[in-house]
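Protein chains in written order, with numbering that gives the first Met the number 0: chain A, 0 to 166; chain B, 0 to 102.
Hints are computed from structural coordinates only; laboratory data are not their basis. On a predicted model such as this, the values are computed, not experimentally measured, just so you know. Glycine included, every Cβ here is placed at the ideal spot set by N, Cα and C. It cannot be assumed that every hint is accurate.
Said to hold, decoys possible - Simulated DEER-style distance windows between Cβ atoms:
# : chain 1 : residue 1 : chain 2 : residue 2 : range
1 : B       : S1        : A       : E129      : 20 to 26 Å
2 : B       : N88       : A       : I106      : 41 to 47 Å
3 : A       : M77       : B       : V94       : 28 to 34 Å
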Amino acid sequence: MTYDVVEPIFFALLTIGIVSAGAGVVLANRITTSALLMAFSFLNVAGMFVLLGAETVAAFQVLIYVGAITVLILYGVMFTPQQPRAYGLFFQKQTPLAAIVVVPIAIFVALFAFSFRDAPEAGAKGHDLEPLATSVFRDFGFPFEVASVLLLAAMIGAIVLVKRDEE
Amino acid sequence: MSVSLGAFVAVSAVLFFIGTAGVLVRRNAIVILMCVELMLNAANLALVAFSRRSASVDERGSVFVVFIFVIAAAEVAVGLAIVLAAYRNRPTVDVDEIQRMKG
Numbered sequence: 000m001t002y003d004v005v006e007p008i009f010f011a012l013l014t015i016g017i018v019s020a021g022a023g024v025v026l027a028n029r030i031t032t033s034a035l036l037m038a039f040s041f042l043n044v045a046g047m048f049v050l051l052g053a054e055t056v057a058a059f060q061v062l063i064y065v066g067a068i069t070v071l072i073l074y075g076v077m078f079t080p081q082q083p084r085a086y087g088l089f090f091q092k093q094t095p096l097a098a099i100v101v102v103p104i105a106i107f108v109a110l111f112a113f114s115f116r117d118a119p120e121a122g123a124k125g126h127d128l129e130p131l132a133t134s135v136f137r138d139f140g141f142p143f144e145v146a147s148v149l150l151l152a153a154m155i156g157a158i159v160l161v162k163r164d165e166e
Numbered sequence: 000m001s002v003s004l005g006a007f008v009a010v011s012a013v014l015f016f017i018g019t020a021g022v023l024v025r026r027n028a029i030v031i032l033m034c035v036e037l038m039l040n041a042a043n044l045a046l047v048a049f050s051r052r053s054a055s056v057d058e059r060g061s062v063f064v065v066f067i068f069v070i071a072a073a074e075v076a077v078g079l080a081i082v083l084a085a086y087r088n089r090p091t092v093d094v095d096e097i098q099r100m101k102g
């Protein structure tokens, strides 16, 4: 069995995982379930990255999204009270108006995705670490430093926001 | 046969729509943050797909994804801090009831 036969099967499985877990995040009544389904959806997106041959990005996805961001959100869930209130918000009187706005956008997006059906494909597989590192540290060196300052500012801001007043 | 670029773009669009629906429908501030993360992930998927499957492979799409990782981490930290600060003032995380930040 060659790689070309396995690829569509894995793509279908990952698509089912992403879409069902994403819908579960929106629909689940318990917020902990939402958080864990979100982690599962991120894991499936990482699988998509591997399928595209971007293993380094997939590793970052697992480390940052599945690891750090999910834990951070679970801490937020832990510190706040949860009252289940999810349903009944779907069927309101704006539904026809929303359908009028959304359906043309959905048709446009579907046509846009369909237009890449016959696109020429280079199909590079793997070995993305070296060009990625070269691009980040040579072409995007200054934005890289700005990103580090942004992270420092976000860290200080988060500490200041949640700090209790001493007096 | 390998999977075409359009299929990845379609999955990305569906995930983005799901995230948008969650932001609009749910009223819990933490669930809204999760749905924003889903939308960012959809954008990441489209960027990587275009970067890896274009006629000449260009790593700049993956570089943007790395920067989006950084910004998403900062966004979640600050967003959760705002939610916790608002919760300390008024014991709720329901965005319908947190109206003090309205301009």
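Hint-by-hint comparison with the structure:
no.	hint	verdict
1	B/S1 <-> A/E129: 20 to 26 Å	23 Å, holds
2	B/N88 <-> A/I106: 41 to 47 Å	44 Å, holds
3	A/M77 <-> B/V94: 28 to 34 Å	19 Å, violated
When the structure is compared with the earlier hints, a violation turns up for hint 3 alone.
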